[in-house]
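Asker: Residue numbers (numbering that gives the first Met the number 0), protein chains in the order written: chain A, 0 to 276; chain B, 0 to 97.
Honestly, the hints are just simulated from the structure, not real lab data. Take these hints with a grain of salt, some might be off.
[Unchecked claim] Straight line, CA to CA, 20 Å or less: simulated SDA-like cross-link-like pairs of lysine to any residue:
id, chain 1, residue 1, chain 2, residue 2
1, A, Lys198, B, Val18
2, A, Lys198, B, Arg20
3, A, Lys167, A, Glu103
4, B, Lys14, A, Gln201
5, B, Lys53, B, Asn63
[To be verified] Pair ranges (Cβ atoms, derived):
id, chain 1, residue 1, chain 2, residue 2, range
6, A, Lys167, B, Arg22, 32 to 40 Å
7, A, Ala169, B, Tyr54, 39 to 47 Å
8, B, Asn63, A, Gln173, 38 to 46 Å
9, A, Asn163, B, Gln24, 16 to 24 Å
Where is the CB? At the ideal position from N, CA and C, for every residue including glycine.
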Amino acid sequence: MAKSEAKIIVITSGKGGVGKTTTSAAIAAELAHRGHKTVVVDFDIGLRNLDLIMGCERRVIFDFVNVIQNDANLSQALIRDKREENLFVLPASQTRDKDALTQEGVERILNELKKDFEYIVCDSPAGIERGALMALYFADEAVVVTNPEVSSVRDSDRIIGVLNSKTKRAEQGQEMKKHLLITRYSQYRVQRGEMLSIKDVQEILAIPLLGVIPESTAVLNASNHGIPVTLGNASDAKCAYQDAVACLLGEEPASASQKGWKSKFLGGLRLFSRSPA
Amino acid sequence: MSIFSKFLELGNSRKSAKVARERLQIVVSYQRTEGGDADFLSKLRHELLSVICKYVKVDRDQVNVQLKRTGSCSVLELNITLPTGAELSIGEPDLKIL
Chain A
0 MAKSEAKIIV ITSGKGGVGK TTTSAAIAAE LAHRGHKTVV VDFDIGLRNL DLIMGCERRV
60 IFDFVNVIQN DANLSQALIR DKREENLFVL PASQTRDKDA LTQEGVERIL NELKKDFEYI
120 VCDSPAGIER GALMALYFAD EAVVVTNPEV SSVRDSDRII GVLNSKTKRA EQGQEMKKHL
180 LITRYSQYRV QRGEMLSIKD VQEILAIPLL GVIPESTAVL NASNHGIPVT LGNASDAKCA
240 YQDAVACLLG EEPASASQKG WKSKFLGGLR LFSRSPA
Chain B
0 MSIFSKFLEL GNSRKSAKVA RERLQIVVSY QRTEGGDADF LSKLRHELLS VICKYVKVDR
60 DQVNVQLKRT GSCSVLELNI TLPTGAELSI GEPDLKIL
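So here's chain B without its partners, still in its complex pose (with noise of 0.2 Å):
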């Protein structure tokens, strides 16, 4: 097992420059939009995620929101792992919708 993650280790370093441009395209994406409003995505998740946490309770590091940007189209991808046999919080009657 050591011995697979050694060389899992070392195909990773050797493809750093390609983690680092992916990452860095996500980054960069995040930053131009809204006009420059870096901050915009953070604010669009913690929205989000409270508008969530009416209806199901799940765990803050459980909402991802990306944005990927490739050529001219941007995609804002939203990411939510409900916990099994989600909760749902107060009794609210239109919740099959989620």
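For reference, chain A alone in the conformation it holds in the complex (with noise of 0.2 Å):
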């Protein structure tokens, strides 16, 4: 089978613990539990946590920095899911020195990431520093993480900046697919009056909608066991991510009303299995 160029899609934010790293590993586990091959790379060195989340952490040998060094080849350092076998991980590495992290260097795993795998997710670090900016270089897409709070609304709007203007797409003047997922929404704070609304986010960062994952018990779950979420027992957030998967790849626009992954959840509930997405 001839296989479709390879796509880099970055999951980004600006500002730390708004849910990139949890929505790289949902992401990436959905798209290959729909049978595409996917590796997710962790980009935050030093403070590595992909691998906690993927629940892998103790099948880490080689990384990232190691790979980039040549102190061990792709194959080595790449760890294949237990559980999706489409699904793999590149580890960040625990070293303190950030300029392990050279553009010839990520270019060069990266293009050798594409010849095998059909997506490649870019977990960035928070921040608008080296990793950060590695990890949205090279990227064709762009997922900005978002939650409904001033200063994360803030940091995106200056991550956007920085994907308009410091990727290589940018640079050869191509454009660049930007998507919003917001993540810890409360419908409930919103009718209140204490949280901006979808609307809100939307109108003021200006990019198309990919999802909205609600606040959810079942994120930290899935973070204690080590499960992404698109592999941990039926959720609302669980929906909600496949939802924004079926979206990034273009089979349903986003359902900013979240009655999508509402009425799904709950239908799912009432007859004790979900439709297969």
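Put the two chains together into one complex, using the hints given.
Answerer: What follows is the structure in structure tokens.
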């Protein structure tokens, strides 16, 4: 089978703690579950956490920096997920040397990954320092993860500015697809006027909506167990991530009303089984 | 008075999303000016202040520079509160223009 050109998707946000790693794991796992060979790469050098969220922390031997520095080859560093055969993890290193991520090194590894994978999901660190810039530089598309909260929205706006100017695509004058993913959303608080609404955030950031992940107990539960949300038990967050991936693949438009995942989730509960996505 | 302020507080907290939206709109419009130079407004504020101080003794906090974006049009708003009986510094002849 002739493989179509691999797609590099960066999961970014500017601000920390908004759910980049959770989202990276959930999206990558769902892509793999749908049959796409996917690798999720941790760019947070020095503070790796993707391995924990993916539940493979005890299987890390070699990492991203080892491969860049030719201390190991890619196949030695890639960890195959035990649940999804199409899912692989490339862990970050714990080194404190921030300059370990060189642009040439990152490019070489991404090019190598492109030969084997359909999707390369880059989990960006917070901030706008080297790691974050490297995670987004080679990306074809970006998912901007935003909490409906002032500091997160402001930082997302900054990162959108960076995406528009400091990526390879931008330098070549090419369009870069940017998607807005709102996480930790509470309809209840929005109705009480205590939280920015989907429309508020979307109007300020002015990029297309990919999905809305509700504030959910399922997210912490999943990370406690080291299971990506989309591979865990049926939950509102799982449905919302599945919808977001469908949207990412161009299958259906984002359901801003939240009716999508809500009715699916409740419907699924009633039937005691969810229809396959 | 305290009951009144309690009510005021309640009203404010209810509309906190609206306050957030308005604050963000301002902050974001700063960030997007001048090709992403997020610092542009503080530099402008700084330079304006130094020019104004050449002529009038004003308090640093009394110079307010805001950039507001409404639809396709941006408004640069400069608000300077002069002290009562504004003391004009060094005797420059053309100060009446101010």
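Asker: Would you mind marking each hint as holding or not holding in the structure?
Answerer: Consistency of the hints with the structure:
At most 20 Å may separate the alpha-carbon atoms for a hinted pair to count; lysine 198(A) and valine 18(B) meet this at roughly 15 Å. For the proposed pair lysine 198(A) and arginine 20(B), the alpha carbon gap of about 10 Å is at most 20 Å, so the pair holds. Annotation: proposed proximity of lysine 167(A) to glutamate 103(A) holds, straight-line Cα distance about 13 Å (limit 20 Å). With a C-alpha separation of about 19 Å, the suggested pairing of lysine 14(B) with glutamine 201(A) holds against the 20 Å cut-off.
Taken as a hint, the lysine 53(B) and asparagine 63(B) pair is honoured in the structure, with Cα atoms around 17 Å apart against an allowance of 20 Å. Range check, lysine 167(A) to arginine 22(B): about 34 Å between beta-carbon atoms, so the 32 to 40 Å window is met. Between alanine 169(A) and tyrosine 54(B), the C-beta spacing of about 44 Å keeps the proposed range 39 to 47 Å intact. Between asparagine 63(B) and glutamine 173(A) the beta carbons are some 41 Å apart, a value that agrees with the proposed interval 38 to 46 Å.
For asparagine 163(A) paired with glutamine 24(B), a C-beta distance near 19 Å keeps the hint of 16 to 24 Å intact.
Figure legend: structure checked against the earlier numbered hints; every hint is met.
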